[in-house]
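Peer 1: One-letter residues, chain by chain:
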Amino acid sequence: MTVSSDIPETESWFHRNQQRIAPWLFLAPGILFFAVYVIAPVFQSFNLSLYEWDGLGEKTYVGMRNYEDLYWEYVDRDAFFTSLKNNVLWLFLYLLAIPAGLFIALFLNQTVRGIRIYKSLFFFPFVISQVVVGLVFTWFYDPTFGLLNTMLGWVGMGPINVLGNENLVTYGIVAAGLWPQTAYCMILYLTGLNAVDPEQIEAGRLDGAKGWSMLWNIILPQLRPATFIAFVVTIIGALRSFDLISIMTQGGPFGSSRVLAYYMFEVALSEYGFRMGYGAAIAVVLFLIMLCFITYFLWSMYREEKGH
Amino acid sequence: MFPKPIEKQSQAAQVAYKSLLPVALAFWLAPLLAVALFSVKPDADFTSGNYWGLPSSFEGAANYGQVFFNSDMPRYLLNSFMITVPTVIGAVALSAMTGFALGIYKFRANLWIFFMFVAGNFVPFQILMVPVRDLTLEMGLYNTKTGLVLFHVAFQTGFCTLFMRNFIRALPFELIEAARVEGVSEWRIFWYVVLPLMKPALAALSVLIFTFIWNDYFWAVVLTQGIESQPVTAGITSFNAQFRAAYHLMSAGSIVAALPPVAMFFLMQKHFIAGLTLGAVK
Chain W
587 MTVSSDIPET
597 ESWFHRNQQR
607 IAPWLFLAPG
617 ILFFAVYVIA
627 PVFQSFNLSL
637 YEWDGLGEKT
647 YVGMRNYEDL
657 YWEYVDRDAF
667 FTSLKNNVLW
677 LFLYLLAIPA
687 GLFIALFLNQ
697 TVRGIRIYKS
707 LFFFPFVISQ
717 VVVGLVFTWF
727 YDPTFGLLNT
737 MLGWVGMGPI
747 NVLGNENLVT
757 YGIVAAGLWP
767 QTAYCMILYL
777 TGLNAVDPEQ
787 IEAGRLDGAK
797 GWSMLWNIIL
807 PQLRPATFIA
817 FVVTIIGALR
827 SFDLISIMTQ
837 GGPFGSSRVL
847 AYYMFEVALS
857 EYGFRMGYGA
867 AIAVVLFLIM
877 LCFITYFLWS
887 MYREEKGH
Chain B
2 MFPKPIEKQS
12 QAAQVAYKSL
22 LPVALAFWLA
32 PLLAVALFSV
42 KPDADFTSGN
52 YWGLPSSFEG
62 AANYGQVFFN
72 SDMPRYLLNS
82 FMITVPTVIG
92 AVALSAMTGF
102 ALGIYKFRAN
112 LWIFFMFVAG
122 NFVPFQILMV
132 PVRDLTLEMG
142 LYNTKTGLVL
152 FHVAFQTGFC
162 TLFMRNFIRA
172 LPFELIEAAR
182 VEGVSEWRIF
192 WYVVLPLMKP
202 ALAALSVLIF
212 TFIWNDYFWA
222 VVLTQGIESQ
232 PVTAGITSFN
242 AQFRAAYHLM
252 SAGSIVAALP
262 PVAMFFLMQK
272 HFIAGLTLGA
282 VK
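Going down the list, the sequences are from chains W and B. For the first sequence, my numbering begins at 587 and goes up steadily by one. For the second sequence, my numbering begins at 2 and goes up steadily by one.
Hints are computed from structural coordinates only; laboratory data are not their basis. As the structure is a computational prediction, the values presented were derived from the model and not from experiment. Some hints could be false.
[As the list claims (entries may be wrong)] Each pair of labels, with its calculated beta carbon distance range:
#1 B/A27 to W/M743: 17 to 23 Å
#2 W/W610 to B/L260: 40 to 46 Å
#3 W/M650 to B/V24: 22 to 28 Å
#4 W/L874 to B/R170: 37 to 43 Å
#5 W/E752 to B/W192: 40 to 46 Å
#6 B/M140 to W/V698: 14 to 20 Å
#7 W/M650 to B/L260: 47 to 53 Å
#8 W/W802 to B/A264: 36 to 42 Å
#9 W/A789 to B/K107: 38 to 44 Å
#10 B/K19 to W/L801: 53 to 59 Å
#11 W/S799 to B/T145: 55 to 61 Å
#12 W/F678 to B/S20: 34 to 40 Å
#13 B/M140 to W/L682: 38 to 44 Å
#14 B/M140 to W/R889: 38 to 44 Å
[Stated by the list, open to error] Some chain B residues flagged as far from chain W (calculated, every beta-carbon gap over 12 Å):
#15 P4
#16 D73
#17 E187
#18 I190
[Stated by the list, open to error] Here are the simulated SDA-like pairs of lysine to any residue, each with C-alpha atoms no more than 20 Å apart in a straight line:
#19 W/K705 to B/D135
#20 W/K645 to W/K892
#21 B/K271 to W/F710
#22 B/K9 to W/L792
#23 W/K705 to B/M269
#24 B/K5 to W/Y888
#25 W/K705 to B/L260
#26 W/K705 to B/V16
#27 B/K5 to W/F710
#28 B/K19 to W/K645
#29 B/K5 to W/G700
#30 B/K5 to W/K645
#31 W/K705 to B/K5
#32 B/K19 to B/L38
#33 W/K892 to B/F108
#34 B/K9 to W/F710
#35 W/K645 to B/A17
#36 W/K892 to B/K107
#37 B/K9 to W/Q786
#38 B/K5 to W/V698
#39 W/K705 to B/P4
#40 W/K705 to B/A264
Positions of the beta carbon are idealized from the N, C-alpha and C atoms, including for glycine.
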């Protein structure tokens, strides 16, 4: 490498600054796509929520009126109130996927013959699209022939029309959503359990820890990364709930199973007519709820990065 | 290992555990098994009220034959493939580069750009819906597969960047430094040094994105309309409208629609799970 000493004089500007320019060249296509399709639309939606627009004609500036309308819908316990209430319900009930997933993971964390196939099959619901999950559960709940009512019939109960009952419908849909979500949390915990330090378990055993105290004091702290991811994906999943509602009830009966994500779609693109501005205002509310969580997630990641 | 290995417990406990496993699994998959049973039943069973008994005749071939040869299902499946495969290639290619840039180089904006990708990946779809639909209409790509692919590539780049960057961070940095000392250009370092080491990440991301995109429903409804461009998740509603109350055919259709990601999962299980559980272990 003796020649390299005289190369710098002949090197081009690009060559000399390669390490400063290269990252931006690598980033350019990704940032361009992301900016156009993800970042800019967020701001455009904020802007649009101040207008009234049917998607075709002229936009009319209406200031905060869309938000005032939402406020009145909330006060009058109208569609917006129902959607918001159901979103809160989704958020809390969906979190059940985390303990349920941990429970199944603990159940399956053995080494008996064929256990790998069992693990895969338990994970199976997560791979299926939510559309199919929705269809499967619609039939499962069917009042005339559904498996649920058939089983209730065996013990002399039922029939109940879960999806036709205003008070039950959201619980029914959340249960359908919990099915794949639990599978996801299970796989996270199975991976986590695999990496638990056996020496700490032994030490715990010597200290007399077993069962619950072992799980709580020794296992769970080591599963923290898995729990964090399970928490992130479950919160995001709960607030994104759209597919199941669209397939199973289309927000019904009488709009009682709407959530913000679905209500926004209804207002902007479905039979309620093309009220884009109003839809954008609903989306902004949903975004702001999500933003609380996004900020928390990023804050956690930031601390992690700095810790390294 | 926790809980205590079952082999170290009494004979009775072992037998109980081993017999509980299949029962628990049957319960867990009951809704799905029901649909599988429906899909091989003849139409007559439904009119005579024989929902849960054994099929009076095995009509699996006839039912699935209907789905494949007498419905629009093959077209929807083809659309799904033509949307999913380019998206996988596009998103993985873009994020290999962004992940490389954010994982290797130290510059001031690095962490902020990284967080922009991560945050964008979490936003609710609805806040993007109207502007993205508008943009797609303006580009003349509404109701085309291309319109859908472009959006999917852009959105998935967020998640993929997170994944790639963290993967590259874990590679031995000395390799890159050694290459630089040798005077290898940055592009060649990316292509010849880093990319070959990223094969597991590329495989994991490919199967994950395949599944995510195949299962997408929201954007399919927002950006496409007709049989010429709709993927199978959106098409299945028209399929079900066509075969209203024909539960044996709707069941067979659902199973067909769900199959490709399932096949992908079972074939590439190791990569799939490695992808999903990235970060679950420190």
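Peer 1: Hint by hint, say whether it matches the structure.
Peer 2: Quick rundown of the hints versus the structure:
1. At roughly 21 Å, the beta carbons of B/A27 and W/M743 sit within the given window of 17 to 23 Å.
2. For W/W610 and B/L260, the Cβ-Cβ distance of about 43 Å falls inside the hinted range of 40 to 46 Å, so the restraint holds.
3. Range check, W/M650 to B/V24: about 58 Å between beta-carbon atoms, so the 22 to 28 Å window is missed.
4. Checking the proposed 37 to 43 Å range against W/L874 and B/R170 shows it is violated: the Cβ atoms sit about 32 Å from each other.
5. Between W/E752 and B/W192, the C-beta spacing of about 59 Å breaks the proposed range 40 to 46 Å.
6. Under the hint 14 to 20 Å, the C-beta atoms of B/M140 and W/V698, about 56 Å apart, miss the expected range.
7. Between W/M650 and B/L260 the Cβ separation comes to about 49 Å, which falls inside the hinted range of 47 to 53 Å.
8. The beta-carbon spacing between W/W802 and B/A264, approximately 40 Å, falls within the hinted interval of 36 to 42 Å.
9. A hinted range of 38 to 44 Å holds for the C-beta pair W/A789 and B/K107, which are about 40 Å apart.
10. For the pair B/K19 and W/L801, the beta carbons lie near 23 Å from each other, so the given range of 53 to 59 Å is not met.
11. At about 59 Å, the beta-carbon gap between W/S799 and B/T145 stays in the expected band of 55 to 61 Å.
12. For W/F678 and B/S20, the hinted distance range of 34 to 40 Å is satisfied, since their beta carbons lie about 35 Å from each other.
13. Restraint check, B/M140 to W/L682: a C-beta distance of roughly 43 Å satisfies the suggested window 38 to 44 Å.
14. A hinted range of 38 to 44 Å for the beta carbons of B/M140 and W/R889 is consistent with their spacing of about 41 Å.
15. The beta carbon of B/P4 sits about 6 Å from the closest Cβ of chain W, which is not more than 12 Å, so the claim that it is off the interface is violated.
16. Here B/D73 stays apart from chain W, with its beta-carbon at least about 16 Å from theirs, past the 12 Å limit.
17. For B/E187, the requirement that its beta carbon stay farther than 12 Å from each beta carbon of chain W is not met, with the minimum near 4 Å.
18. With a least beta-carbon separation of about 9 Å from chain W, B/I190 fails to lie farther than 12 Å from that chain, contradicting its non-interface assignment.
19. Simply put, W/K705 and B/D135 have alpha-carbon atoms about 44 Å apart, too far for the 20 Å limit, and the pair is violated.
20. This hinted pair does not check out: W/K645 and W/K892 have alpha carbons roughly 46 Å apart, beyond 20 Å.
21. With a C-alpha separation of about 14 Å, the suggested pair B/K271 and W/F710 falls inside the 20 Å cut-off, and the hint holds.
22. For a cut-off of 20 Å, the pair hint linking B/K9 to W/L792 stands: about 17 Å separates their Cα positions.
23. In summary, the hint linking W/K705 to B/M269 is supported, as the alpha carbons are separated by about 15 Å, within the 20 Å threshold.
24. A distance of roughly 36 Å separates the Cα atoms of B/K5 and W/Y888; the hinted pair therefore is violated under the 20 Å criterion.
25. The suggested pairing of W/K705 with B/L260 holds, with an alpha-carbon distance near 19 Å, which does not exceed 20 Å.
26. Restraint check for W/K705 and B/V16: satisfied, since their Cα atoms lie roughly 19 Å apart, inside the 20 Å limit.
27. Between the alpha carbons of B/K5 and W/F710 the distance comes to roughly 26 Å, so the proposed pair goes past 20 Å and is violated.
28. Restraint check for B/K19 and W/K645: the C-alpha separation of about 66 Å exceeds 20 Å, so the hint is violated.
29. For the hint linking B/K5 to W/G700, the alpha-carbon distance of about 18 Å falls within 20 Å, and the restraint holds.
30. Restraint check for B/K5 and W/K645: not satisfied, since their Cα atoms lie roughly 66 Å apart, outside the 20 Å limit.
31. Proximity of W/K705 to B/K5 is assessed by CA-CA distance (about 18 Å); at most 20 Å being required, the pair is judged to hold.
32. For the proposed pair B/K19 and B/L38, the alpha carbon gap of about 25 Å is over 20 Å, so the pair is violated.
33. Restraint check for W/K892 and B/F108: the C-alpha separation of about 15 Å stays at or below 20 Å, so the hint holds.
34. Taking the CA atoms of B/K9 and W/F710, the gap is about 29 Å. The hint is violated against a cut of 20 Å.
35. About 68 Å separates the Cα atoms of W/K645 and B/A17, which puts this hinted pair outside 20 Å; it is violated.
36. Straight-line distance between C-alpha atoms of W/K892 and B/K107 comes to about 14 Å, which keeps the hinted pair within the 20 Å bound.
37. For the given pair, B/K9 sits about 19 Å from W/Q786 by alpha-carbon distance, which is consistent with the 20 Å threshold.
38. The hinted pair formed by B/K5 and W/V698 meets the criterion: a straight-line CA distance of about 12 Å does not exceed 20 Å.
39. Restraint check: the Cα-Cα separation between W/K705 and B/P4 comes to about 16 Å, which is no more than 20 Å; the hinted pair holds.
40. Distance check on the hinted pair: W/K705 and B/A264 sit about 16 Å apart at the alpha-carbon level, within 20 Å; holds.
In the structure shown, a violation is registered for the earlier hints numbered 3, 4, 5, 6, 10, 15, 17, 18, 19, 20, 24, 27, 28, 30, 32, 34 and 35, in ascending order.
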